[in-house]
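Required output: the full structure, derived from the provided sequences and hints.
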Amino acid sequence: MQPMVRFRGVTKQYGDLTVLDTLDLDVAPHEKVAIIGPSGSGKTTLLRVLMTLESIEAGVIEVDGQPLTHMPHHGKLVAANAKYLRTMRSKIGMVFQHFNLFPHMTALQNCMEAPVYVLGLSKPEAEERATALLDMVGLADKVSHYPSHLSGGQQQRVAIARALAMRPKVMLFDEVTSALDPELVGEVLQVIRRLGSAHQLTMLIVTHEMGFAKEFADRVCFFDAGHIVEQGPPEQVFGHPQHERTQAFLSAVLDLH
Amino acid sequence: MSLRTRAMHRRLLVVCVLVSFATGLCVASFAGFREFLPGLLAGAWVTLQITVAGGALAVVMGLIAGLCKLYGVRPLRWLAVTYIEVFRGTSALVQLFWLFFVLPRFGVSLSPMAVAIIALGLNVGAYGAEVVRASILAVPHGQFEAAIALNMSRLTMLRRIILPQALVRMIPPWGNLFIELLKASALVSLITISDLTFKAYQMNQTTFRTVEIFSLVLVLYLGIALMITMSMRMLEARASTGLARGRTE
Amino acid sequence: MEELVDWGFVWDILPLLLRATLVTIEATLIGFGIAASLGLLLAIGRMSRQPWIAWPIAGFVEFIRSTPLLVQLFFMFFVLPKFGLVMPAFLTGILGLGLHYSSYCAEVYRAGLENVPRGQWEAALALNLSLPRTYWDIVIPQAIPPIIPALGNYLVSLFKETPLLSAIAVLELMQTAKILGSEYFRYLEPITIVGLLFLGLSLLAAAAIRRVEHWLTTRKG
Chain A
1 MQPMVRFRGV TKQYGDLTVL DTLDLDVAPH EKVAIIGPSG SGKTTLLRVL MTLESIEAGV
61 IEVDGQPLTH MPHHGKLVAA NAKYLRTMRS KIGMVFQHFN LFPHMTALQN CMEAPVYVLG
121 LSKPEAEERA TALLDMVGLA DKVSHYPSHL SGGQQQRVAI ARALAMRPKV MLFDEVTSAL
181 DPELVGEVLQ VIRRLGSAHQ LTMLIVTHEM GFAKEFADRV CFFDAGHIVE QGPPEQVFGH
241 PQHERTQAFL SAVLDLH
Chain B
1001 MSLRTRAMHR RLLVVCVLVS FATGLCVASF AGFREFLPGL LAGAWVTLQI TVAGGALAVV
1061 MGLIAGLCKL YGVRPLRWLA VTYIEVFRGT SALVQLFWLF FVLPRFGVSL SPMAVAIIAL
1121 GLNVGAYGAE VVRASILAVP HGQFEAAIAL NMSRLTMLRR IILPQALVRM IPPWGNLFIE
1181 LLKASALVSL ITISDLTFKA YQMNQTTFRT VEIFSLVLVL YLGIALMITM SMRMLEARAS
1241 TGLARGRTE
Chain C
2001 MEELVDWGFV WDILPLLLRA TLVTIEATLI GFGIAASLGL LLAIGRMSRQ PWIAWPIAGF
2061 VEFIRSTPLL VQLFFMFFVL PKFGLVMPAF LTGILGLGLH YSSYCAEVYR AGLENVPRGQ
2121 WEAALALNLS LPRTYWDIVI PQAIPPIIPA LGNYLVSLFK ETPLLSAIAV LELMQTAKIL
2181 GSEYFRYLEP ITIVGLLFLG LSLLAAAAIR RVEHWLTTRK G
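Residue numbers (the working numbering), protein chains in the order written: chain A, 1 to 257; chain B, 1001 to 1249; chain C, 2001 to 2221.
The hints are simulated quantities; they were obtained by calculation from the structure and are not laboratory data.
Hints should not be assumed to be uniformly reliable.
Here are the simulated DMTMM-like cross-link-like pairs (lysine to aspartate or glutamate), alpha carbons at most 25 angstroms apart as the crow flies [to be verified]: (1) K91/A with D2137/C; (2) K91/A with E2122/C; (3) K1069/B with E2213/C; (4) K214/A with E175/A; (5) K2082/C with E1180/B; (6) K142/A with D2137/C; (7) K2082/C with E1145/B; (8) K123/A with D2137/C; (9) K123/A with E2213/C.
Using C-beta positions, here's what the derived DEER-type ranges look like [to be verified]: (10) R1159/B with V2212/C: 35 to 43 angstroms; (11) P124/A with P2088/C: 36 to 44 angstroms; (12) H145/A with L2014/C: 51 to 59 angstroms; (13) L2204/C with R1160/B: 37 to 45 angstroms.
All C-beta atoms in this analysis are idealised placements derived from N, C-alpha and C, irrespective of residue type, glycine included.
Encoded structure:
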């Protein structure tokens, strides 16, 4: 079966600093991958290059069997232009650590904006879709609220609904609970859990919530210094970590719980 | 590097580019260059004098009015506020004309130069008062508290602790005000002072070679603006040695 | 000794000056309309990724900002006819004002646009919104409200600089006052009235701007 997401020899540099180092990664359709690791290891960058927020220096990224960062041109692969990127981008959705909701729009309008102006849905259609999604994340009564009137957890749930409204095939979650007060983390994780079971989504989740990663993910990748150091089913990575760095990281992190 | 200094650098760069471009353009039209430059330089000298003298007056007025507004007794504060509101609420030209045409009525007879310097100095000084006030208020509150805890008098606190820190912050906005003063100095041509604009207008009336003359004029104004910006930058560099400013990285 | 203020004279010239005030206000509003619209275009152009658009615009804006309005007015007044553009002085005047203040407005818009958090741009990109749509629906609505006070201040500044139009013989307030002064050899009354009119109107405008600022910051609640 063809991978939904494929990284082949991907390298990303900021000046002299190499953040992703000839990375290879395959994600199967409907697979839920948790990505853990220390700060600065490149986890967020992985998601950002996939979302085309950043460009890469070397390698190729493929989504749903087609190249993302490059496009076919007379039988060869050349760097993708803006137009091609826009057609590919709609397969991927992203939820950010700091929500990035549009503050001058209500929750409903936030979720309707892209379906109307990118997918070309009519306003009633978009409204129907948005209302259903907001209902699914438990915010049916908050549709006409502005972000400033919502708690962090509620805002993040709107952000999830907003991304889902575009019906992406791949959903990226970039430390989506790190900016939340502890008691609000649970409601967001609950929504993600429900997404995982109900929808046929491929999910890449960068997180510090080890407990969540353990029970939710199909596969866990431990990232360090731009590489995947170790990966496998959660029981394996959490239970019997093979590499020294994995062991060191896990003992430091899990000690806090 | 603070955002303000970076903005100033950017401005500096652009002005440098513009001056060199325009100078090149003028040198290309060599004849006009030869013919008009001496007269225009004489005018530019007058403009520079007015700008510097007016600027000095503006700084004095700005400091006095700003401090009075913050720390003065009631009548002084009221005086400062009135001065600031009146001179900011009316334009430089109105003030210039008023002093030029009306002052003689009160028996005060001044040379046009003096009128120009006073009018512009008072005008920019009113804006400067706000800069002074804002810079003092921007000094971290902890500094004031430390000074009070050490039982310093208000005068000592201002003199030794607050003003030295405020003065550094003031330099970029004052730099902008001086550029505004430079631009306002063009108005003195309307009260018959032989500044750069007056000279240009005169030459234009006799030769009608507007484009050449005014291109030179614009280069000269840009050149003076460049001098002002660079002096302010040097001043800022000298003044901020030892003070941790800008982003900590 | 002649009395200081001839009140009869004041009453005589007041209607004339008030009528001239209308010309001044007209020049202010039209000039600012030009400045505010052109300024936004310049600001967006300056943010362009293409250097051959961004750099000339940046140079142009700096150029206009750094040179006296009076010189620009003279330039336009004398040069435009040479290119066959013969306009009444009033039109030249408001074009000059509009152009000069568009460079200030461009800087204000730029600050406003740059203050929109990066995350907004990224969210719009992640949702695959096109660039024009991103500007129109997401960035500009967030950029404008905070800068309205600054724009308002420039409106007031423009208003106070309309007397410069008297240098190219536009019959606004200052020019009317000067003509009255030279006709009747009494400058005190006309120029003082002009000063008071400007002071009064700009204080009113400043108060209005503060009101708008207050309304904007409490609306978001």
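Here is how each hint holds up against the structure:
For the suggested pair K91/A and D2137/C, the alpha carbons sit about 22 angstroms apart, so the restraint of at most 25 angstroms is met. Taking the CA atoms of K91/A and E2122/C, the gap is near 16 angstroms; set against the 25 angstroms cutoff, the hint holds. The straight-line distance between the Cα atoms of K1069/B and E2213/C is roughly 23 angstroms, inside the 25 angstroms bound, and the hint therefore holds. Restraint check for K214/A and E175/A: satisfied, since their Cα atoms lie roughly 15 angstroms apart, inside the 25 angstroms limit.
Straight-line distance between C-alpha atoms of K2082/C and E1180/B comes to about 30 angstroms, which puts the hinted pair past the 25 angstroms bound. At most 25 angstroms may separate the alpha-carbon atoms for a hinted pair to count; K142/A and D2137/C meet this at roughly 22 angstroms. The hinted pair formed by K2082/C and E1145/B fails the criterion: a straight-line CA distance of about 65 angstroms is larger than 25 angstroms. Under the criterion of a C-alpha separation no larger than 25 angstroms, the hint pairing K123/A with D2137/C is consistent with the structure, at around 15 angstroms.
Restraint check for K123/A and E2213/C: not satisfied, since their Cα atoms lie roughly 33 angstroms apart, outside the 25 angstroms limit. Between R1159/B and V2212/C the CB atoms are about 39 angstroms apart, so this pair conforms to the stated range of 35 to 43 angstroms. In this structure the hint that P124/A and P2088/C lie 36 to 44 angstroms apart at CB is violated, the actual value being about 53 angstroms. Judged by the Cβ atoms, the range 51 to 59 angstroms given for H145/A and L2014/C holds: they are separated by roughly 55 angstroms.
At roughly 42 angstroms, the beta-carbon separation of L2204/C and R1160/B lies within the given 37 to 45 angstroms, and the hint holds.
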